[in-house]
Amino acid sequence: MRSCLHSAPRSRARQRPPCETGRMDTVSELLEARLRAAFAQVAPGTDPVLRPSERADFQANGALALARALGRSPREVAAQVAAVLDLGGLATVEVAGAGFLNVTLTPEFLDARLHALLGDARLGVSRSDPPHRVVIDYSAPNVAKEMHVGHLRSTVIGDALAALERLGGEEVIARNHVGDWGTPFGMLIEHLVERGEDAGAAELAIGDLTAFYQAARAAFDADEGFRERSRARVVALQAGDPETRRLWRRLVDQSVAYFTEVYRRLGVTLSAADIRGESSYNDDLAGVVAELDRQGLLADSDGARCVFPPGFTNREGEPLPLIVQKRDGGFGYAATDLAAVRDRVERLGADRLLYVVGTPQAQHFAMVFAVARQAGWLPDTVRCEHVAFGNVLGADHKMLKTRSGSTVKLIDLLDEAVERARRALEERGAAIDAAQRDQLAVQIARAAIKYADLSTERQRDYVFDLDRMVAFEGDTGPYLQYAHTRVRSILRRAADAGADARPEAFVVGEGASRTLATSLLGWPDAVAAARATAQPHRLCGYLFGLAQDFTAFYEACPVLSAPPALRAERLALCELTARTLAQGLAVLGIEAPERM
RNA sequence: GCGGCUGUAGCUCAGCGGAUCAGAGCAUCGGUCUACGGAACCGAGGGUCGGGGGUUCGAAUCCCUCCAGCCGCACCA
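Numbering (my numbering), first residue to last: 1 to 596.
If you are wondering where the hints come from, they were derived from the structure by calculation, not from laboratory data.
Hints may contain errors.
Here are the simulated DMTMM-like cross-link-like pairs (lysine to aspartate or glutamate), alpha carbons at most 25 Å apart as the crow flies [stated by the list, open to error]:
{"no.": "1", "residue 1": "Lys398", "residue 2": "Glu457"}
{"no.": "2", "residue 1": "Lys145", "residue 2": "Asp198"}
{"no.": "3", "residue 1": "Lys145", "residue 2": "Glu94"}
{"no.": "4", "residue 1": "Lys326", "residue 2": "Asp208"}
{"no.": "5", "residue 1": "Lys326", "residue 2": "Glu291"}
{"no.": "6", "residue 1": "Lys409", "residue 2": "Glu203"}
{"no.": "7", "residue 1": "Lys401", "residue 2": "Asp380"}
{"no.": "8", "residue 1": "Lys398", "residue 2": "Asp467"}
{"no.": "9", "residue 1": "Lys409", "residue 2": "Glu457"}
{"no.": "10", "residue 1": "Lys409", "residue 2": "Asp208"}
{"no.": "11", "residue 1": "Lys145", "residue 2": "Glu203"}
{"no.": "12", "residue 1": "Lys326", "residue 2": "Asp351"}
{"no.": "13", "residue 1": "Lys145", "residue 2": "Glu224"}
{"no.": "14", "residue 1": "Lys409", "residue 2": "Asp467"}
{"no.": "15", "residue 1": "Lys145", "residue 2": "Asp302"}
{"no.": "16", "residue 1": "Lys145", "residue 2": "Glu457"}
{"no.": "17", "residue 1": "Lys401", "residue 2": "Glu555"}
{"no.": "18", "residue 1": "Lys409", "residue 2": "Glu419"}
{"no.": "19", "residue 1": "Lys401", "residue 2": "Glu261"}
{"no.": "20", "residue 1": "Lys398", "residue 2": "Asp380"}
{"no.": "21", "residue 1": "Lys409", "residue 2": "Glu261"}
{"no.": "22", "residue 1": "Lys409", "residue 2": "Asp465"}
{"no.": "23", "residue 1": "Lys409", "residue 2": "Asp274"}
{"no.": "24", "residue 1": "Lys326", "residue 2": "Asp302"}
{"no.": "25", "residue 1": "Lys145", "residue 2": "Asp253"}
{"no.": "26", "residue 1": "Lys401", "residue 2": "Glu457"}
{"no.": "27", "residue 1": "Lys409", "residue 2": "Asp396"}
{"no.": "28", "residue 1": "Lys326", "residue 2": "Asp284"}
{"no.": "29", "residue 1": "Lys409", "residue 2": "Asp438"}
{"no.": "30", "residue 1": "Lys401", "residue 2": "Asp461"}
{"no.": "31", "residue 1": "Lys145", "residue 2": "Asp25"}
{"no.": "32", "residue 1": "Lys401", "residue 2": "Asp302"}
{"no.": "33", "residue 1": "Lys401", "residue 2": "Glu385"}
{"no.": "34", "residue 1": "Lys401", "residue 2": "Asp208"}
{"no.": "35", "residue 1": "Lys409", "residue 2": "Asp351"}
{"no.": "36", "residue 1": "Lys326", "residue 2": "Asp396"}
{"no.": "37", "residue 1": "Lys145", "residue 2": "Asp111"}
{"no.": "38", "residue 1": "Lys398", "residue 2": "Glu427"}
Everything numeric in this text was worked out from a predicted model, so none of it was measured.
With the hints as extra help, turn the sequences into a complete structure.
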């Protein structure tokens with residue numbers, strides 16, 4: 001992930017590689033602080049409402065709202081703010097329109113900032129100091145069940161958020177809350193025994209999980225004897241019977257091996273070490289219930305032990321329970337989730353918890369969080385968020401299914417994308433050998449699938465369309481990869497020619513160069529926005545815009561044929577573009593190949 | 001019934017604390033071009049922002065209401 005950051009060509013020995021600088025405020029942070037101070041002189045506490053602008057680099061709209069509060073004309077207020085505003089040479093300002101402050105960065109500031117970015121491996125993205133400990137719960141497949149499109153979003157979004165937080169200097173702990181416990185395991189273990197242990201395990205190893213699970217289910221539904229044995233197995237499993245536990249462990253291990261393979265193919269950082277299945281909280285469940293009881297939060301309802309957090313009601317308008325212990329004495333998943341909260345806060349010392357789980361579970365998590373707060377397991381100092389996401393839909397706008405109506409295997413989706421990418425590469429007749437082409441096809445396929453998933457606002461459902469995702473044109477992952485290779489191509493040629501890529505000063509003037517330059521300055525702001533809202537699509541939007549700004553620059557500003565001074569400046573802009581694209585794609589979990 | 005999410009151009013989607021917000025990509029049509037990688041670029045047409053009401057000088061954005069779709073609502077996770 002990080003290798004591409006350091007591959008910028010350096011034509012002279014005196015040029016140092018970029019190093020990690022300390023704190024660097026983003027451009028909008030710098031401007032906002034100055035504007036806030038000026039607004040405060042008119043009315044303390046006023047939000048400058050700083051936004052990107054099409055008429056300038058930024059605009060501050062704060063005077064409009066303030067004018068109404070003061071009963072004065074917006075232009076007058078804006079003028080007053082402008083009069084006391086000290087931008088310290090960062091930018092110039094002018095009052096425009098109804099009372100907007102149009103902010104234009106000065107050439108001197110652009111020059112200084114671009115030089116700073118060139119020398120900063122982090123491209124201006126600041127590092128949290130001291131770091132927070134962020135626990136991100138994502139992926140969460142089920143043992144002995146296929147990973148399907150439903151797991152795609154959690155896995156891809158979670159992995160991107162993990163990378164994003166790490167980029168921001170946070171200490172990230174990934175937690176894969178695998179479904180490895182519960183009543184279905186009686187049935188699954190019995191089926192494993194019936195199939196013959198080795199044969200059954202082999203079936204799981206090759207990834208035919210659906211067949212295994214469905215066969216177990218069929219036997220359970222059809223055979224009373226099997227049902228009885230399955231129930232007995234559940235009891236034996238929970239009681240810790242060694243042979244039953246051994247069989248269970250075998251199921252789990254086979255599945256984990258399979259998940260690991262899927263993650264590898266997807267190019268996801270999650271590993272077996274991140275797995276904390278539901279079973280890993282078994283020993284804490286009784287304590288969760290006992291503590292809730294001790295605090296007087298527990299109520300008995302139809303034999304189940306529940307907490308009724310305030311503000312939740314069922315369809316009859318009655319208080320809605322969070323069931324922590326079932327009537328039969330078994331623990332519900334709420335108990336597991338509560339135990340996990342305690343583990344993450346008390347043992348791991350988390351400052352922030354993220355749950356990347358589908359939006360249907362919104363109420364469940366709202367209740368779990370509420371109860372955890374009530375019980376004191378989730379102090380106010382710990383942020384806790386359900387990072388919800390919508391469904392993956394088929395072309396018919398219904399939940400994505402295969403033609404036969406079954407769920408779509410994640411691995412089949414990936415295979416299909418790889419095949420399409422390979423065909424596309426063959427059609428282009430790219431001058432690469434078969435092995436390179438296969439590797440590229442995998443990289444392009446990952447880019448296509450991940451970018452399509454990450455580039456829409458995550459709460460929405462999105463329509464899965466491989467043709468559009470794998471396309472090289474438009475707002476797609478492969479397009480961004482392509483844009484990156486074009487920049488890299490220029491940089492390679494420049495390096496071969498020994499061209500200087502360090503301008504004395506940037507004099508970007510107006511037009512495509514300046515647009516690209518200001519776009520490059522905006523990367524840290526894009527990162528900050530994505531982090532604040534846990535919305536990777538903001539990164540996608542930024543990167544696509546940057547790629548477009550680069551192609552406009554590419555058309556308008558010849559690089560290699562420019563006179564040396566100008567060429568150095570343009571090469572530097574190319575270098576920053578390449579590094580920003582590579583860093584951005586890396587956060588999204590997308591590789592940025594050198595050629596394609 | 002209660003709650004949540006969603007509704008923006010033919011299609012897929014952005015639009016972040018109200019103005020300088022009617023946008024992008026694809027598709028369609030029309031251009032550019034002996035090319036630092038054409039897998040490109042430029043331009044055009046195309047939308048009463050689901051309907052209605054309210055607040056405001058001003059609403060895709062805030063409030064109310066209605067409609068449509070999806071989802072959740074007691075021992076599966």
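- Query: For the pair supplied as a hint, Lys145 and Glu203, is the alpha-carbon distance within the 25 Å limit?
  - Reply: 12 Å, holds
- For the pair we were handed, Lys401 and Glu385, check the Cα-Cα distance against 25 Å. With a Cα-Cα distance of about 30 Å, the restraint between Lys401 and Glu385 is violated, given a limit of 25 Å.
- Going straight from one Cα to the other, do Lys401 and Glu261 come out at no more than 25 Å? 23 Å, holds
- Message: Check the hint pairing Lys398 with Asp380 against an upper bound of 25 Å on the C-alpha distance.
- Response: 40 Å, violated
- Task: Starting from Lys326, check that the Cα of Asp396 is at most 25 Å away, please.
- Result: Violated, at about 39 Å.
- Quick one, are Lys401 and Asp380 close enough, alpha carbons at most 25 Å? Not OK: Lys401 and Asp380 at ~42 Å, beyond 25 Å, violated.
- Taking only the CA atoms, is the gap from Lys145 to Asp302 under or equal to 25 Å? Violated, at about 32 Å.
- Item | Straight-line alpha-carbon gap Lys409 to Glu457, limit 25 Å | 24 Å, holds
- Task: Starting from Lys326, check that the Cα of Asp302 is at most 25 Å away, please.
- Result: 9 Å, holds
- Given hint Asp208 paired with Lys326 - CA-CA distance at most 25 Å: 33 Å, violated
- Message: Holds or violated: Lys145 and Glu224, Cα atoms, limit 25 Å.
- Response: 23 Å, holds
- Message: Need the status of pair Lys326, Asp284: alpha-carbon distance at most 25 Å?
- Response: Holds: Lys326 and Asp284 sit about 16 Å apart, inside 25 Å.
The structure does not agree with the numbered hints 3, 4, 7, 12, 15, 16, 17, 20, 31, 32, 33, 35, 36, 37, 38 stated previously, though it agrees with the rest.
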